[in-house]
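> Mapping of the sequence shown onto this note's numbering: position 54 corresponds to residue 76, and the numbering continues sequentially without gaps.
By construction, these hints were calculated from the structure, which means they are not laboratory data. Keep in mind that the hints are not guaranteed to be accurate.
Using C-beta positions, here's what the derived DEER-type ranges look like [claimed, not checked]:
1) Ser26 - Gly74: 31 to 39 Å
2) Asp88 - Gly54: 13 to 21 Å
3) Lys81 - Leu61: 27 to 35 Å
4) Asp73 - Ser26: 26 to 34 Å
5) Leu50 - Asp78: 16 to 24 Å
6) Asn37 - Asn65: 25 to 33 Å
7) Asp64 - Val33: 16 to 24 Å
8) Gln48 - Asp78: 18 to 26 Å
9) Ser26 - Gly54: 17 to 25 Å
10) Lys76 - Ser26: 36 to 44 Å
11) Asn58 - Asn37: 15 to 23 Å
12) Glu39 - Asp59: 26 to 34 Å
Using N, Cα and C, we set each Cβ at its ideal position, and we do this for glycine too.
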Amino acid sequence: MSKSVNLYVVVPCYNEEAVLHETSKQMLELFGEMKNDGLINDNSRIVFVDDGSKDDTAKIAREYADKYPDSI
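With the sequences and hints as input, model every part of the structure.
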């Protein structure tokens, strides 16, 4: 299969501080597997959208975006 598919997954986040690390880890692993299998291309992204959280959700999402700029 050709690596021609762009996949963007939008993950709405509201007060996800307690679970966002695990969610990010699992999503990154899944995207890595899908890229290795040729199901998606390198332009595919995970998009975390903070919906006005009162905790550090936005900060954590930003840290992951900075750490994994080719995926998030």
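> Run every hint past the structure and note whether it holds.
Hints versus structure:
1. Ser26 - Gly74: 31 to 39 Å: Holds: the Cβ-Cβ distance is about 36 Å, inside 31 to 39 Å.
2. Asp88 - Gly54: 13 to 21 Å: The hint (13 to 21 Å, Cβ to Cβ) holds, given that Asp88 and Gly54 are roughly 18 Å apart.
3. Lys81 - Leu61: 27 to 35 Å: At 31 Å between Cβs, range holds.
4. Asp73 - Ser26: 26 to 34 Å: 32 Å Cβ-Cβ, so the 26 to 34 Å window holds.
5. Leu50 - Asp78: 16 to 24 Å: Once the Cβ atoms are compared, 19 Å apart, the range 16 to 24 Å for Asp78 and Leu50 holds.
6. Asn37 - Asn65: 25 to 33 Å: holds, 30 Å
7. Asp64 - Val33: 16 to 24 Å: With a Cβ separation near 19 Å, Asp64 and Val33 satisfy 16 to 24 Å, so the hint holds.
8. Gln48 - Asp78: 18 to 26 Å: holds, 19 Å
9. Ser26 - Gly54: 17 to 25 Å: With Cβ atoms ~18 Å apart, the hint holds.
10. Lys76 - Ser26: 36 to 44 Å: holds, 41 Å
11. Asn58 - Asn37: 15 to 23 Å: violated, 33 Å
12. Glu39 - Asp59: 26 to 34 Å: Since Glu39 and Asp59 have Cβ atoms about 32 Å apart, the given range 26 to 34 Å holds.
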